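Protein sequence lines correspond, in order, to chains A and B.
Count the first sequence with the working numbering and you get residues 1 to 255, in order.
Count the second sequence with the working numbering and you get residues 1001 to 1700, in order.
Some hints could be false.
To be verified - Residues of chain A placed beyond 12 Å of chain B at every Cβ, according to the derived structure:
1) LYS2
2) ASN5
3) ILE131
4) ARG172
5) PRO210
Claimed, not checked - Dumping the calculated DMTMM-like pairs for lysine to aspartate or glutamate here, alpha-carbon to alpha-carbon at most 20 Å:
6) LYS1487/B x GLU1397/B
7) LYS1602/B x GLU255/A
8) LYS55/A x GLU1504/B
9) LYS56/A x GLU1504/B
10) LYS1383/B x GLU1403/B
11) LYS1627/B x GLU66/A
12) LYS1008/B x ASP1289/B
13) LYS1524/B x ASP71/A
14) LYS55/A x ASP1289/B
15) LYS1624/B x ASP1129/B
16) LYS1576/B x GLU1378/B
17) LYS55/A x GLU1503/B
These are computed hints drawn from the structure, not numbers from a lab.
Bear in mind that the values here come from a model prediction, so they are computed numbers and not experimental data.
C-beta atoms are modelled at their ideal positions from N, C-alpha and C, and glycine is treated no differently.
As a plain string of letters, each chain reads:
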Amino acid sequence: MKELNVSSIQRFSTGDGPGIRTTVFLKGCNLRCPWCHNPENISSQPQTLAYNTGKKVTCGKIMSTEEVLADVLEDVEYYRASGGGVTFSGGEPMLQAEALGELCRMLNDNGVTSLIDTAGCVPWRYFESVIDQTDIFYFDYKSADRNIYSSIINGDIDIVRCNLKRLISSGRTVHVRIPLIPGINTAVSECERICTDLLDLGVKRVGLLPYHRLGSAKYDALGIEYAYRNVPIQSASEIESIKEIYNKYFITYIE
Amino acid sequence: MSILNGLKEEMKNAPQGVFCPHLFKCRGYEASRSECLPDIRADGIAAVFTQPKPYIYKNDLIVGSIRPYYVAPTQEDAELVSQYMAKYPERNFWQGVDHFAPDYFTAVNIGIPGLIGKIEKSKEAHKDDAEKIAFLDSMKKTLIALCDKLTAYAEAAKALIGTPGYDEKRLTLIADNCIALTKHAPKTFMEGLQLVWMIHNCFVSEGRYAMAIGRIDMFLYPLYKQDIENGSLTDEYATELLANAFLKICERRFSGGDDVVNICIGGVDEEGNCSVNGLSYCVLHAVRDVNLPGPNLSARITPDCPDEFLDECLKVIGTGLGYPALMNDPVNITALSRKGYDIRDVRNYCMVGCIENFITGMQPPWSDNRFDPICYLEDILLKYDAEALDNITDMDEFMSIYEAQLAIGVEEYIQRMRANAYVEDPENMTSPFLSCFCDFCIERGLDINMGGSKYPSVHGAALMGIGTVSDSLAAIEKTVYETKKAKLSEIAEALKADFAGYEELRELCRSAPKYGNNSEYADKYAVWYTKTLNDMFDNYTTYDGGAVYTAMAANVSNIHAGRDLAATPDGRLAGKPLSDAASPTYGCDTRGVTSTLLSLSKPDYTRCACGTVVNQKFTPAAFKDGKREKLLQLIRVYFSRGGQEIQINSTSRETLIDAMEHPENYPTLVVRVSGFSAIFVTLGREVQEDILSRTQHETV
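So here's chain B without its partners, still in its complex pose (with noise of 0.2 Å):
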C-alpha cells in the first residue's frame, strides 16, 4: 500500500470525542497570570500549541495533527470554556469573520526566527510604546510556542522509534526537519512545507475555520526548484510530500466535520508573467492524489498560460474530483485593481474559503453576507395596491421604481454589516498569532484587526439569484408591457396565491425568455443586475474604509434564499430555490453549454472583485483524450470574453447514479455521442445504466 493510502487508512480510523481545541485555550487562559490582554491571548493560544501531546501518523511524512484537539470533555471543562470564551470572546467563521490566507512567502522566506527577529526590531522602533511593545510581545510568545509545538513533534517522532507500523529513517527526517525549523529557515523544500502545514494546523487548531493555503506554486517554488536542480527532489516525491500534508485537510472530514482550505496555483507573477512551473503541475497532481473534497483547488488561468497545465487541470476534474476551479486571471486583477492596491499585491491575490479573492496576508480576515434583490422586488409586486402596480406604464417605470427600492435595500444592508463589524473592546479581540503571517502587523505593532495590515478590512455581498432576477423582469417585460396578456397585479395576484388558479399565466411567465440562451432580451437584466448593483455597492466603506465587494457565488445558500419567499414573475414557486450563484436558472438555459457561456460572459464582473460562481456538469466522456481539447477551447473562449470563473464536474459514476435516483437535480446534464446527444435524465433506466456500464472503463 502507498504510503498515501496507507494515511487515508489510519485517518479512517477516527479520533473519540468531540473537537474542541477551546478547552486547550481556556485552560491557558485560567493558568495566565498576566495582566495584559494581548498577553492573556496569547497564553491561551500557546496552551492550545503546546499542551495537547503531538500525534504522528505511521504514514506521516509532513506532521501536524489535529486528533491531539479531539477530547470528551467532563462537565467542569464544559463549564471552563463557557466561562472563559465569554470573557474572551472571538469573532470567526460563523460570524463571518474568518477567512483568511496567510503571508507564508515571508514565513518560507524568513523561518520562525526570522520573523521572531523582525518583532525584535521592531519592538526597537517602538521602544516608546508600551502597548504596541506588549502586542509585539503577545505575538513572540505565539511563536515561541510554534517553536515549542516543532520541538514536541521531534521528540514525539524520537521517542516513536522502535514502534511497530512505524519507519526509523521517516521518522529521524521528521524530528530533524522539525528541529531544524525552530532554528532556521527552511533550507529544503520538504521543511518549507513543513513549517507552512505546523502554522496552518495551529491556525486550525486555534478554531479557525477556511483559513487559506494560498499560492503554494510560488512560495514553495524557490526551495522546490533548488532542490530539483540539485537532485535531492523529484517531481514524484513533492507531489507525495503535497499530497501527505493535503491529506490531513480531510482529518476533520473523517471525524463527521469539515474544513475547506483554498489552494491556489497558476496565475501571473508580481512583474505580469504566467508563473505556471513544475511545482504548479505537482500540487494539481497531489489534490488529485488525494482525491477527496476539502483542499479547495483554485486555478488562475491567464491567457498565455501553456494549454498543457489547463488540460492537465481537466484531467484532474475529469477523475470526478470536481477540482480545480478555473479562474480567469485578467478578470479578477481588473476586479481587483478596480479598488485600489498595489498592482502588484493584486498579482499576488489567491482565494479564501470557497472562491473568494483576497490580496495574499494583507488584509484582515474577510467577512461576507448575502444581498438578496429577489427581496425588493417583492417589495413591489407584494406591497403597491393594484391600482398603483397597474398605473406604471412601462418596463422602464418599473426599472426605475426596483433601482429606488434596491438602492434602500444596499442602504440597510451596509447598516447591518457596520453594525455587525463593530466591536465594542477590539483590545479584548485580537489575534496576535495571525497578526504575525500579515503585512504590516509586526512593523506597526498593531493587531491585524486594529490598523496592522497593510489594507484594510473587505466586506463581501453575495449578491443573490441572477437568474431568478433576469428571467423575472423579462417576464415581467413580456406578458405586461410587450404581448400585454396580464396586467401587472394580475401577476401580483398569482405571485401572492403562489400561482394556484393561475396556471395559464405561469405558463405564460415560463415562456417568457430565459438568462442564459444568448438572446438580449433576458441577458440585458443580467448585464443591468451587475453594473446597478455595483454602481450602489461602490457607494460604501467598511467601518475601517476597505471597499466592499460583490461575489455571486454563494453556495447553496440560493436553496435557504429560495425558502423564505414568495413565488416569482418567473414562475418560480414559493419556497423553490433561487438561481444559483452567477448560473441561469437551472434547466432554464435550453440551448447548449456554447450559448449558455456567450450569456455568461454578458456581465462586467471586473466588477465582482469578490468573484463569482458558475457551474457546469459534463459526462466523463468528455474529458477523454481528443474530447478534452474541445472543453479546453470552449473554456478559453469563454474566459477571452470575460468569463470571471467556471467551476465544471465530472459527472462520476456515482453522480449519474444519483442523477437517476435525483433527476431533478441534472436536467440539462447532456449525453453525447455521434450524431446524437440527449438529457440523461430524459433516458430510460436500462439505458441510463447502458451510460453507466460504459462510463465505467472512462473513469480512472
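Chain A extracted, bound-state conformation (with noise of 0.2 Å):
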C-alpha cells in the first residue's frame, strides 16, 4: 500500500469539478508561483499556520491511501447523486503520482470517478502512473512566456506544452484553466499569445481562473511574505474583457 502527503481534505468542494466532491490537497509543489493562493502545500515538509484568531492548524499528515480512500467514500451518496467525486489539488498532485494512480484505481473500484488539478510540469511518465485511472484532468497554463516559466515560476514551458499535448491527443477530458495574474497574463498580447499556443495544442475550452487574494491569511499564518498582498483583484468588466479575447478562439467560461 502507497503513501500520500496530504494537506488536507476539503469537503463540499464546489469549484473544482462537476457535481458534489472531495478536494485532497497534497502536499508539495516543484513550481514557485508568487501568487500562490495555497502557499502551505508548496513545501512538502509539514507546516503549521497560526492564525491571528488564535485558530492553529496543522497541515502536512502521511496517509495509506487506504485511509483516504476511507474518508473520502464516506460522502460517496453525495458523489452519486450529483455526478461528483473526487478531486486531487496541490501543490503539485502529480508529484505523488505512483500512489495517486493507485488511489485513482481504488477509488474507479468504488465507482467513484476522479480528477486531477496539476499544472502539468513533471515528466510525462508520471502521467501515466494515473491516466488510465482519472476521468478529467484540470490543466492550469499560466503563461505563453518561456521566460515567466523559467524565471517566475520555476517551471519548463516546453514540459507543460508537450504534457498537454499528449494527454489531449491521449483522449482524456481535459479542461485548461488560465489564473488571470495580473502583470503576468492579462494583457491585451499575451493572451493572444497563450491563445494561439493553446490552438496549436488542440484545447477547445478554456476555463479562467480570476485573480484573488484569499490565501493572504495562509501567508500571515506561516509567517511568510506574499508579493501579491496589495495587488488588487480584478473588475468585473476586467474579467469580462479577457473573457471575450478567449471566447474568440474557444468554449470561454469563468470559474
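Grab the two chains, each in its own frame, and use the hints to assemble them into the complex.
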C-alpha cells in the first residue's frame, strides 16, 4: 500500500469540478508561483498555520491510500447523487503520481470518479501512472512566455506544452485553465499569445480563474511574505474583456 | 413604482400610538348586556372587529390592516383594559398556547355564509342543549361581526373614491370583493385570498400571535386553477395579490413589533401525491418579492417533487431572505403518523410558528416549553461528591445514572406542563371565533379547548442542546473512561471552577470527538439522546389525552438556556450558549457540510413530531447558476438519509459585513473558489472586502 502526503481534505468543494466533490490537497510543489493561493502546499514538510484569531492548523500528514480512500468514501452518496467525485489538487498532486494512481484505481473500483488538478510540469511518465485511472484533468496554463515559466515560476514551458499535447491526444477529458494574474498574463498581447499556443495544442475549451488574494491570511499564518498582498483584484469588466479575447477562439467560461 | 413598493413605502410611515386591540375588546365587554360567558366573549370580539374604522392603503389590492388598532390609550382606557382583562382573562402566545393553523379549506369552500349555515344546522341538532346553543350563537355572532367588518371595508373603499392617490378601479374591486364575501363563498382567486386575509387580520386583532396561514397553495388552488383556465388570472397577478397580502404581515415590524406567520407550500396531498402546482411558485415568488422577515415560508419537500421546485426554493433563499425553510415531508408524515392521527389529516399538516408541525385546523392551539437535559447532567456532576463520582466504573454505568436523572426531569417537566395547562374556569376562556375554524367545534357545539377539536391538545417539549450533551458525553467517555487522563471528580471540580486553573483539562475536553463530524464516537450520543428522551416523553400525554411531541428547534433560546448553566464537560464555559436547535455545537463540525449532514441524519427524527431545525450558511456564490445544483443534491441526499429540516442562509452582503464585525458568530462560514477554500472570518480585512466587492453583483 502506498502513501500520500496530504495537506488537507476539503468536503463539498463546489469549485473543483462537476457535482459535489471532495478535494484532497496534496502537499509539495515543484513550481514557485508568487501569487500562489495555497502557500501551505508548496513545501512537502509538515507546517503549522497560526492564524491571528488564535486558531492553529497543522497541515501535512502522511496517509496510506486506504486511509484517504476511507475518508473520501464517506461522501459517496453525495458523489452519486450529483455526478461528483474526488479532486486531487495541491501543491502539485502529480509529484505523488504513483500513490495517486493507486488511489484513483481504488476509487474507480468503488465507482467514484477522480479529477486531477495539475500544472503539468512533471515528467510524462508520471502521467502514465494515473492516466488510465483518472477521468478528468484540470491543466493550468499560466503563460505563453518561456521566461515567465523559467525565471518567475521555476518551471519549463516545453514540458508543460508537451504534456498537455500528449494528454489531449490521449483522449482524456482535459480542461485547460488560466489563472488571470495581473502583470503576468492579462495584457491583451499576452492573452493572444496564450490563445495561439492553446490553439496549436488542440485545446477547445478554456476556463479562466480570476485572480484573488484569499490566500493572504495563510501567508500571515505561516509567517511568510506575500508578494501579491497589495495587488488589487480585477473588476468584473476587466474579467469580461479578457473573456472576450478567449471567446474568439474557445468555449470560455469563468470559474 | 410598483404597487408592492408603493405599499411598502406607505407602511414605512408607521402608525402613531401602541398596538392595543384589547381596548376595543374591553369596550365590547363593558357594553355587553349579556349574562352568558361565551356571548360576552363574542361581544368583545365583535367590538374588536367592528369598532375601529377600516384602514385602506392607496396601494391595497387585498384589504385588512391592523393600523386601526394603534391607539393612544388614556388613563381611563388603561384602567378599563386592566379591569376587563382580569375579569375575562386570556391565554395566548406568551403563556405558550397560541400557535394555530385555521381550517381555511372549509372557509374558502363554503364561505362565511356557509359557516353560518353549518352553525344553524348544528343548533338544530343540539336544540335540547342550551349550553351548546349558547356557544354556537356566540360563534355565529363573531362571524356576523366578520361580515360587518367586510361591509365596513367595502363602504370605506367606496368612500375613498376620488381621494388623491387612490385608484378608483382598485377601490371598486376591493368593495365588490368584500361585499361578495358577505353573501357567498369566494368565487374568484382574489375573493378567496381576500377572505383568508381578512380572517387572519381578525385573529391578529383578537390579540393572537403566530397564527399560521398554512397550505395556501392547496386551499386556494381550485380558485387559482379556475381563474387561470378561464383567463381571468395570470401567475404574475396572483403573485402580486399574494405579495399585497403577505406584506401586511410586516405591519407590526414597521412599528417596532413583529409577527411570525407560517405559510406552507408543497408536500403531498391527502392521497399522498406530490401537490406542487403553479400556485406554489406564485407563493414562493410573492414571499421573495415581499423580501422581509414575517411571512415565514416553509416548503415541504417530497422525494418526487420536481427538482425545478427545489431549485426555485434555493433561488429565493439565495436572495438573502433565508426562506423557505425546507422540510423533509416523509419524515414529518411518519413522525405525525406515530401519534395516531388519520393519515389523510396527517398529510394535510402544515407548520405553525417557526417550524412546529400542526394538523391543520384540527387541534387546539399549540403549547410548548423548553426541556434542558444539561441540567440533569449537572445534577450528577455538580452534586455528587468526589467519591461517588469516581466510584462510577464505566461509561455504561454513567449513562444509566444520567438516564435515571433524565427520567426524573421529564416527570417534573410534565407536572409543570400539566399545571400550566390547567384552567380553573374553562367556561370563561372560550374562543368562539377561533372555534369557527377548527373541525369539529361547529358540529359538536363545543369550544376548541373544551372538546370541540377533532384531536386533543398537543404539547411540544423543545429539547435543548443535543450538540452540547453529545460533546460532553463524548468528552467524559474519552478522558475519564478511555484515556483515563482525568477522573470524573476532576472534571466536576473543573466545571465548578468554570475551568479556571484547569486549562489543560479544558483543552483535553475540547479535543475529544465532537458531534457533527460523521464520527460514531460523538454521533452515537446524539442518536441516544433522541431515542432516550423520546422514549421518556412518549410515556405521557397532555391533560386531555393528546400527544407530547418533542422538538429540537428552540429559536435562539439556546442562548438564554446557556446563561443559567455552569460549564459543561465539552469545554463550554459557564453562561455561554448551548448548541443551537438540532445543530452541532457552533464551530465544532469542522469536516465540512457533507459530514455535518451525515451526522445530522443519524438521529431518528421520526420521533420528533414537533420538528427540528438545522441552520446552514453559504456565501451567495453557492446560489449561482451551475452551483445551485450542488446545493440541491446536498439537500436531496440529506433528506434521503432521514434529515428532517434544513434552513439555509445565503450570507447577503449585509451578513458578510456583520461577519466582519462579529466573527465569533460565523465560525464555519466557508468561502469557496476553485482549488481553494477558507473560513471567511480568518481572512484579512482587505481580502474580506474583495469578497464583498465580488458578492455585490452575484446577489439580486
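Against the structure, the hints come out as follows:
Every CB of chain B is more than 12 Å from the CB of LYS2/A (nearest about 24 Å), matching its label as outside the interface. No Cβ of chain B approaches the Cβ of ASN5/A within 12 Å, the least distance being about 17 Å, so the stated non-interface status holds. With a least CB separation of 21 Å from chain B, ILE131/A remains clear of the 12 Å interface cut-off, as annotated. Here ARG172/A stays apart from chain B, with its beta-carbon at least about 19 Å from theirs, past the 12 Å limit.
Remark: the non-interface label on PRO210/A conflicts with the geometry, its nearest Cβ contact in chain B lying 8 Å away (cut-off 12 Å). This hinted pair checks out: LYS1487/B and GLU1397/B have alpha carbons roughly 15 Å apart, not beyond 20 Å. For the hint pairing LYS1602/B with GLU255/A, the CA-to-CA distance comes to about 35 Å; that exceeds 20 Å, so the pair is violated. The hinted pair formed by LYS55/A and GLU1504/B meets the criterion: a straight-line CA distance of about 17 Å does not exceed 20 Å.
Taking the CA atoms of LYS56/A and GLU1504/B, the gap is near 16 Å; set against the 20 Å cutoff, the hint holds. A distance of roughly 16 Å separates the Cα atoms of LYS1383/B and GLU1403/B; the hinted pair therefore holds under the 20 Å criterion. With a C-alpha separation of about 30 Å, the suggested pair LYS1627/B and GLU66/A falls outside the 20 Å cut-off, and the hint is violated. For the hint pairing LYS1008/B with ASP1289/B, the CA-to-CA distance comes to about 11 Å; that is within 20 Å, so the pair holds.
For the suggested pair LYS1524/B and ASP71/A, the alpha carbons sit about 19 Å apart, so the restraint of at most 20 Å is met. Taking the CA atoms of LYS55/A and ASP1289/B, the gap is near 41 Å; set against the 20 Å cutoff, the hint is violated. For a cut-off of 20 Å, the pair hint linking LYS1624/B to ASP1129/B is broken: about 64 Å separates their Cα positions. Our distance criterion of 20 Å between C-alpha atoms is met by LYS1576/B and GLU1378/B, whose separation comes to about 15 Å.
About 16 Å separates the Cα atoms of LYS55/A and GLU1503/B, which keeps this hinted pair within 20 Å; it holds.
Hints 5, 7, 11, 14 and 15, counting from the list given before, are not met by this structure.
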